[in-house]
Amino acid sequence: MEPEDLKICPYVPNHRMPASRLQYHLASCKKKNPKIAKKMANCKYNACHVVPIERLKEHEASCTDRTAVDDEPFNLPKFISPSLEPNERPSNAAHQILDPDIWNESEEGKTMNIIMNEGLSPL
1 MEPEDLKICP
11 YVPNHRMPAS
21 RLQYHLASCK
31 KKNPKIAKKM
41 ANCKYNACHV
51 VPIERLKEHE
61 ASCTDRTAVD
71 DEPFNLPKFI
81 SPSLEPNERP
91 SNAAHQILDP
101 DIWNESEEGK
111 TMNIIMNEGL
121 SPL
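Just so you know, we're using full-length UniProt numbering here: the sequence shown kicks off at 1 and counts up by one.
Worth flagging that the hints you see were computed from the coordinates, not collected in a lab. Check each hint, because a few of them may be wrong.
Quick list of in silico lysine-lysine cross-link-like pairs, DSSO-like style, CA-CA up to 27 Å [stated by the list, open to error]: (1) K7 / K39; (2) K32 / K7; (3) K44 / K31; (4) K7 / K44; (5) K7 / K57; (6) K30 / K57; (7) K31 / K57; (8) K31 / K7; (9) K57 / K39; (10) K32 / K57; (11) K7 / K35; (12) K44 / K32; (13) K44 / K30; (14) K7 / K30; (15) K38 / K7.
The structure displayed is predicted, hence computed values, not measured ones.
Make a model of the complete structure from these sequences and hints.
Here it is, written out as C-alpha cells:
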C-alpha cells in the first residue's frame, strides 16, 4: 500500500494530513480557529480549496476543478417540445400531488373512502 501524499491545512500550516482526511480536518480546524476562518474563503469549484479572501477571485480563475459548463450555463440551446405550440403549456395533471390521506381512492373504490370517513363497517 502506497502512502498518501500529505496536504497542508490552510488555517494552520503546521497541520499536515492525508488527502482522504482533508475535508474532515478543514471543518474541524475552521471551528477551532474562527479568527483565521473569517479571513479565508472556500473556492466555489472545490470546498477543500480554502484561500485568503483577497485571493479568492484569482484562485477561482485558475482553479484546476473549474469547468466550462459552470462558466457558461446560459449558452445552452433552448429545447422546445415539438408537440407543443410556443404559447401552449404542458398539462398540469402530471404535476398533481395526491393527498397522502386518500390511500384507497379509485374509480370503482370511492365507496370504501365514504365508508371509512363515516365510520361505518364495510360489511
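ask   = Of the numbered hints stated previously, which ones are contradicted by the structure, given in increasing order?
value = none
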